[in-house]
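Going down the list, the sequences are from chains U and C. Per my numbering, residue 1 is the first one in the first sequence, and the count goes up by one each step. Per my numbering, residue 1 is the first one in the second sequence, and the count goes up by one each step.
The set of hints was computed from the structure by calculation and includes no laboratory data. For glycine and all other residues, C-beta sits at the position ideal for the given N, C-alpha and C. Keep in mind that a hint or two might mislead.
Unchecked claim - Now the in silico label distances, taken between C-beta atoms and shown as ranges: (1) C:D46 x U:G337: 37 to 47 Å; (2) C:G124 x U:L349: 52 to 62 Å; (3) U:L349 x C:S40: 26 to 36 Å; (4) U:A29 x C:D154: 28 to 38 Å; (5) U:S23 x C:D128: 25 to 35 Å; (6) U:R28 x C:G124: 34 to 44 Å; (7) U:A327 x C:S40: 50 to 60 Å; (8) C:K9 x U:P336: 47 to 57 Å; (9) C:S66 x U:E191: 21 to 31 Å; (10) C:D5 x U:P336: 51 to 61 Å; (11) U:I33 x C:Q145: 26 to 36 Å; (12) U:A162 x C:N61: 48 to 58 Å; (13) U:Y273 x C:Q6: 30 to 40 Å.
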Amino acid sequence: MTNLNHDSITPDLIDRYLADELSAEELRAFQAIVDQNPELNTRLAALATVAKTPIAQPIAYDFDAKVSSILSKTGAQQESWATSGTALGEFPNKEFRNKEFVNKESVTREFSTSVAGARWRAVTVALVAACLIVVSGTLFTPFNITGFNIGGFNIAGSPSDAVTLVTTNRGERSTVTLADGSTVTLNVASEIQIPHDYLSNRTIELTGEAYFNVNSSAARPFTVKTGDVNTVVLGTRFAVRSYPDQEMRVAVQTGKVSVAGVVLDANSAAHIYSPDSMSVVRNTDVTQYTGFISGSLYISNTPLKNAVNELSRWYNIDIKLADATVAEHLFGGIMPGGSVTDLAEILKLTLPVKTSISGNSLTISSE
Amino acid sequence: MYEDDQYIKGVHAGDRDLFTELVRQYLDPLVRFVLGIVGSDDIAHDIVQDVLVSVWSKGKNWNPKSTVSAYLFRAVRNRALDLLKIDNNRQRLEMHLLHEMPSISDPDTDTDFALIDELNSSIGNLTDRQRQAVHLRYYQGMTIQEVSQVLGIDIRATRRLLARSLSILQHHLSPVPPPEK
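Could you build the full structure based on these sequences and the hints that come with them?
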């Protein structure tokens, strides 16, 4: 027999563990027993994975169209739901929440507001309606998986590790499947930390950029931590970017979220410049934010100096701008994955510049 | 996301915003669950649509005796089972389902292939009812009581069903080699 036989681990305990119903104290005691027994640990992880697998995966469908179709059968209209979302997290300042910066005409509007008296805690993005569409086939071969976490327990790495790290270097992207079937696609030069007890604590720390396809579970919220900012969802597809040298972005592909009380529905994105300044774009093509998962980097027209860091990460190369004129050339487009020579070609074709490659460095100078 | 009593009051009062929110919250989870029973996406969507529309049409007469979640899952399950009875093709569908077990993970990702195969095949050893119970409890996050209400059995039977399911799943996972020192 291969059951999880241990004096202190009863079927009831396993059931409540899998259902996330153990109290913090019980969980600690449970974890202590499991940690001492590597085989038990692995078996329990496997059991957790299989028990939490959805009974079936629907074929991709248009969530909003289905909702509209159901509402049309009831005579209900959809006009006002977008403003009735509730955030899971509290935002400390009502003024901030009520600021009108919802813009229906696909225009970006900046706003700034001071949050007097209340420390700006976090932008909380709460999913109001869950939608998940099956991703079939991984988009990229995983690269540097320095540890892999299944079922909330470390398979690789010592049991005492508090987190499992998954990292990508410059020029590398990677997709990992988490214990509950959710997937994370890491963009270049990024890192996620998966906690030891992922299944009871779905909190991922992100540095860099990643696209999340979250399995819905009303009972277990999914949180992405990026510095001060938490993004909390229950199940949807969205991308979060948080590199130190660029403004943070949250782009929603399916489902509906509210950022600090402002509802972001599908095909919307928020640019967060600082705790008290953000802009919202609606009815936009979010491919420009999520393009990296299919191998394309979108750069909107910007002086070359602003695109250098992003290009460096994407092509895994150090980029030097030889003079001030070069730095100001406007550059934009959809960059394919590929080698540095591809990048050099694109630059020469679109800008009046010449390039030279030596070692791991690309120098761009005036023609 | 609202509390149950807000949703119920909303439907009683004919509040379309609240009802829309209810639809958006439950549409996808219900489709996933019922798809596991009927095996056809079109039929699953039809069943879920019928049930949600019927909630709205009940208006003031909608009085779920359980949580809203348990009510909706029970309603779609009953409708699915009725449909299977009517069509008298339950066996055919079960055969169909055996060939379309859910996949644990994307096969291309860097995970333990042997383990995943094993997990997939261990799910196949569960009966329909066991799979539904496991899904509702551990994937959907329901309480034992809610699961019992959805499946129409008492709480003790639900506990036994879950314990039995977990034991079958474990039994079909082969022993793990001892860790290397």
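Evaluated hints:
1. C:D46 x U:G337: 37 to 47 Å: holds, 42 Å
2. C:G124 x U:L349: 52 to 62 Å: holds, 55 Å
3. U:L349 x C:S40: 26 to 36 Å: Since the Cβ atoms of L349 of chain U and S40 of chain C sit about 51 Å apart, the hinted range of 26 to 36 Å is violated.
4. U:A29 x C:D154: 28 to 38 Å: Cβ of A29 of chain U to Cβ of D154 of chain C: about 30 Å, so the range 28 to 38 Å holds.
5. U:S23 x C:D128: 25 to 35 Å: Since the Cβ atoms of S23 of chain U and D128 of chain C sit about 33 Å apart, the hinted range of 25 to 35 Å holds.
6. U:R28 x C:G124: 34 to 44 Å: holds, 35 Å
7. U:A327 x C:S40: 50 to 60 Å: Hint holds: Cβ distance 59 Å, inside 50 to 60 Å.
8. C:K9 x U:P336: 47 to 57 Å: At 54 Å between Cβs, range holds.
9. C:S66 x U:E191: 21 to 31 Å: Check failed, 44 Å falls outside 21 to 31 Å.
10. C:D5 x U:P336: 51 to 61 Å: holds, 54 Å
11. U:I33 x C:Q145: 26 to 36 Å: For Q145 of chain C against I33 of chain U, whose Cβ atoms are near 28 Å apart, the range 26 to 36 Å holds.
12. U:A162 x C:N61: 48 to 58 Å: holds, 52 Å
13. U:Y273 x C:Q6: 30 to 40 Å: holds, 35 Å
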